[in-house]
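S.K.: From just these sequences and the hints, can you work out the full model?
Protein chains: 2
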Amino acid sequence: MAQHNLQDTVALLARTPATLNSLLRDLPESWTHRNEGPDTWSAYEVVGHLISGERSDWMPRVKMILEFGDAKAFEPFDRWGYQREIQGKSLGQLLDEFARVRSDNLTELRDLNLRTEDLKRRGQHPALGPVTLSELLATWPIHDLTHVHQISRLMAHQYRESVGPWSQYLGVLQCAGHSSSA
Amino acid sequence: MAQHNLQDTVALLARTPATLNSLLRDLPESWTHRNEGPDTWSAYEVVGHLISGERSDWMPRVKMILEFGDAKAFEPFDRWGYQREIQGKSLGQLLDEFARVRSDNLTELRDLNLRTEDLKRRGQHPALGPVTLSELLATWPIHDLTHVHQISRLMAHQYRESVGPWSQYLGVLQCAGHSSSA
Numbered sequence: 003m004a005q006h007n008l009q010d011t012v013a014l015l016a017r018t019p020a021t022l023n024s025l026l027r028d029l030p031e032s033w034t035h036r037n038e039g040p041d042t043w044s045a046y047e048v049v050g051h052l053i054s055g056e057r058s059d060w061m062p063r064v065k066m067i068l069e070f071g072d073a074k075a076f077e078p079f080d081r082w083g084y085q086r087e088i089q090g091k092s093l094g095q096l097l098d099e100f101a102r103v104r105s106d107n108l109t110e111l112r113d114l115n116l117r118t119e120d121l122k123r124r125g126q127h128p129a130l131g132p133v134t135l136s137e138l139l140a141t142w143p144i145h146d147l148t149h150v151h152q153i154s155r156l157m158a159h160q161y162r163e164s165v166g167p168w169s170q171y172l173g174v175l176q177c178a179g180h181s182s183s184a
Numbered sequence: 003m004a005q006h007n008l009q010d011t012v013a014l015l016a017r018t019p020a021t022l023n024s025l026l027r028d029l030p031e032s033w034t035h036r037n038e039g040p041d042t043w044s045a046y047e048v049v050g051h052l053i054s055g056e057r058s059d060w061m062p063r064v065k066m067i068l069e070f071g072d073a074k075a076f077e078p079f080d081r082w083g084y085q086r087e088i089q090g091k092s093l094g095q096l097l098d099e100f101a102r103v104r105s106d107n108l109t110e111l112r113d114l115n116l117r118t119e120d121l122k123r124r125g126q127h128p129a130l131g132p133v134t135l136s137e138l139l140a141t142w143p144i145h146d147l148t149h150v151h152q153i154s155r156l157m158a159h160q161y162r163e164s165v166g167p168w169s170q171y172l173g174v175l176q177c178a179g180h181s182s183s184a
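Protein chains in written order, with the numbering used here: chain G, 3 to 184; chain B, 3 to 184.
Bear in mind the hints are in silico, worked out from the structure with no lab data behind them.
Every residue, glycine too, gets a C-beta built ideally from N, C-alpha and C.
Don't take each hint at face value.
Listed next, the stretches of chain B that the computed footprint assigns to chain G, with coverage defined by at least 3 CB atoms under 8 Å from CB atoms of chain G [unchecked claim]:
| id | region |
| --- | --- |
| 1 | 6 to 16 |
| 2 | 29 to 36 |
| 3 | 128 to 137 |
| 4 | 140 to 153 |
| 5 | 156 to 164 |
| 6 | 170 to 176 |
M.R.: If you want it as structure tokens, here you go:
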């Protein structure tokens, strides 16, 4: 298992918009706009959720730790913030927007020139309690991977019947949802 | 849930090489060459496995159904075939090779001009028994998604400790392996 490494974190964060663009752009809506059942998301909604996190979650929390440390708890993340993001937008527009806001955030992150000692600074999560800047930054790309994992699962779900007896060999079809947002 | 639709199947199959290319090319080896523990694969090995399937699994089985129906069982898939594919190759070379063999196979598939009645033709799987051409073709992109799902999980595993208390919120970290090859 790897130690957190900021260069590795940024390398992965920088690739997620292109990964989702390659997978989803111009794909038939039977893959991108269907979900796994009531109270679950489609791939289209997941991209909205990722944009919402870029705006109100990751960099705002980085800046809160640098400014206030653990004296002030983060704003709770708004799981429904994606609904504002997707209103009236096509999937192509959301993919463009995700690429733009992610790129802006990575520029802002690089401009902070974080040093090793900064990564040890502590913040206060409203539910999890004390966390470090290093943990927050490591969580960011793993949150991306949680949603790549979710998108592969929800798309595979659309063919659950179509694959016939092969379903037992396909790991992605054995995967139940694992967390409230993934 | 969607009925199997050959155009939708091909649309997804055509995107997987670019998706993995966007995610993995030039990414640090701490993401691409580590696995989840003994007897598990790295992302690099998964790409080798996908190439191996292109060569010896999907289209050869399609052609067997068209030629022999269920009179002759498929060759069992060689789970270790990937070892020949990766020998001495860089990840970049494997990504190029996967794109090439997938593209060749999709050309060959389109040239078959399969009609609705062809999709009902039956074949014989060595372990699963009777299957249809439609089920075989539907399984192909879901096998891709099983491995996208696996890659997101095995990469996330590398930061299992680094994310600290956030691990409980990250669905991908709750996912156990689901099948022998995924």
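S.K.: Sort out which numbered hints this structure fails and list those numbers smallest first.
M.R.: Failing hints: none at all.
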